[in-house]
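Whole structure, please, built from the sequences with the hints as guidance.
The listed protein sequences correspond, in order, to chains A and B. In terms of the numbering used here, the first sequence opens at residue 1 and continues consecutively. In terms of the numbering used here, the second sequence opens at residue 122 and continues consecutively.
Derived from the structure by calculation, the hints contain no laboratory data. Keep in mind that the hints are not guaranteed to be accurate.
[Claimed, not checked] Selected chain B positions facing chain A (in silico; Cβ < 10 Å): (1) 152; (2) 205; (3) 208; (4) 220.
[Stated by the list, open to error] If you want a taste of the chain A side facing chain B, the calculated C-beta under 8 Å gives, among others: (5) 8; (6) 12; (7) 17; (8) 18; (9) 29; (10) 61; (11) 65; (12) 96; (13) 98; (14) 100; (15) 101; (16) 103.
For every residue, glycine included, the Cβ atom is placed at its ideal position computed from N, Cα and C.
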Amino acid sequence: MKLLIVDDSNIIRSRIARIALHPRLSDISIVGLAKNGLEAVELCQRTTPDVVTMDLTMPEMDGIQCIEVLMNGNPELNILVVSALGDKITALSAMKKGARGFLQKPFSDEQLADALLELAC
Amino acid sequence: MTNLSESDLKVFIDAVTHYFSHLTGEPAEIRSSYLTDAAMPRFDYTGLITVSGNFRGCVYFSAPRLLLRELLIQLQEPDTCEGNLLDAVGEVANTISGNARRHFGSSLDISVPITIRGATEQIKAAVRARPFAILLRWQRYEAVVVVDLEPM
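Take a look at the structure:
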């Protein structure tokens with residue numbers, strides 16, 4: 001299972017990458033790190049991930065726009081939104097565009113691992 | 122001047138205490154919250170979020186270098202370089218503001234964080250008169266959340 005990590009925060013990208021190395025997630029390999037939606041689109045074309053963790057508030061192209069573009073390219077893609085935005089309308093909007101899960105920041109290591117495992121099944 | 126009710130203010134207090142307790146197991150202790158004047162509290166690094174949509178204003182989180190360094194270590198981030206300290210202060214500001222949308226709704230549009238080291242002028246320019254300041258302590262370090270929010 002190939003994972004692409006999308007977040008404008010370097011420390012969040014590193015943290016998700018570290019959590020993804022946990023033995024519980026041994027089926028997952030990281031294929032790329034993107035700091036905005038535009039980078040994510042380009043990396044997605046090059047690396048064909050199965051799972052994407054997606055921040056929403058990002059420069060250049062935000063997460064909602066990016067989900068729409070990525071899902072148009074690959075409707076089978078599993079996108080987990082990982083965002084601080086805490087309102088239902090945003091979560092529903094992301095799900096309508098095709099995201100399969102929503103994890104609110106701040107998140108624990110276990111919460112992210114559980115969410116990734118759920119998507120990977 | 123900010124127009125926040127007590128329950129509005131509590132949203133930000135809860136968000137910042139939750140942030141530290143959830144990530145590190147140690148909640149931030151709220152020392153005081155008050156309407157501040159021209160001397161807005163700030164520390165070494167500041168993450169500033171501007172607000173638009175049905176609101177105007179900004180939210181910032183400001184913390185000393187040592188607090189951010191400790192936070193990175195607790196997050197198992199070994200690289201405590203300048204870039205990651207700025208990243209951390211921006212991420213705290215982003216998370217607090219984003220979480221507040223659960224209360225204020227999606228019409229509280231928030232920007233990506235602007236991160237600042239030192240420099241008071243940029244902060245002064247962004248914040249109007251008499252915002253709310255929430256002074257907190259985490260570990261043995263003080264920090265502050267400043268909220269300047271007004272419905273349109």
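Outcome of the hint check:
Checking residue 152 of chain B against chain A: minimum C-beta separation of about 21 Å lies over 10 Å; hint violated. About 6 Å separates the beta-carbon of residue 205 of chain B from the nearest beta-carbon of chain A, less than 10 Å, and the hint is met. Given hint, residue 208 of chain B at the interface with chain A, holds; its Cβ is 5 Å from that chain's nearest Cβ, closer than 10 Å. The interface hint given for residue 220 of chain B holds, since its Cβ lies 5 Å from the closest Cβ of chain A, which is under the 10 Å cut-off.
With a least beta-carbon distance of about 6 Å to chain B, the hint placing residue 8 of chain A at the interface is held under the 8 Å criterion. A hinted interface residue such as residue 12 of chain A counts as satisfied when its beta carbon comes closer than 8 Å to some beta carbon of chain B; here the least separation is about 6 Å, so the hint holds. Interface hint at residue 17 of chain A: violated, since its Cβ lies 11 Å from the closest Cβ of chain B, which is beyond the 8 Å cut-off. With a least beta-carbon distance of about 6 Å to chain B, the hint placing residue 18 of chain A at the interface is held under the 8 Å criterion.
For residue 29 of chain A, the shortest C-beta to C-beta distance to chain B is roughly 20 Å, which exceeds 8 Å, and the interface hint is violated. Given hint, residue 61 of chain A at the interface with chain B, is violated; its Cβ is 12 Å from that chain's nearest Cβ, farther than 8 Å. A hinted interface residue such as residue 65 of chain A counts as satisfied when its beta carbon comes closer than 8 Å to some beta carbon of chain B; here the least separation is about 14 Å, so the hint is violated. Among the interface hints, the one on residue 96 of chain A is violated; its C-beta lies about 13 Å from the nearest C-beta in chain B, farther than the 8 Å criterion.
Here the hint on residue 98 of chain A is broken, as its CB sits about 19 Å from the closest CB of chain B, past 8 Å. Hint status for residue 100 of chain A: violated, given a least beta-carbon distance of 20 Å to chain B, over 8 Å. Interface restraint check for residue 101 of chain A: the shortest CB-CB distance to chain B comes to about 17 Å, outside 8 Å, so the restraint is violated. With a cut of 8 Å, the hint placing residue 103 of chain A at the interface with chain B is violated, because the nearest CB-to-CB distance is about 12 Å.
Going down the numbered hints, you'll see the structure goes against 1, 7, 9, 10, 11, 12, 13, 14, 15, 16, while the others check out.
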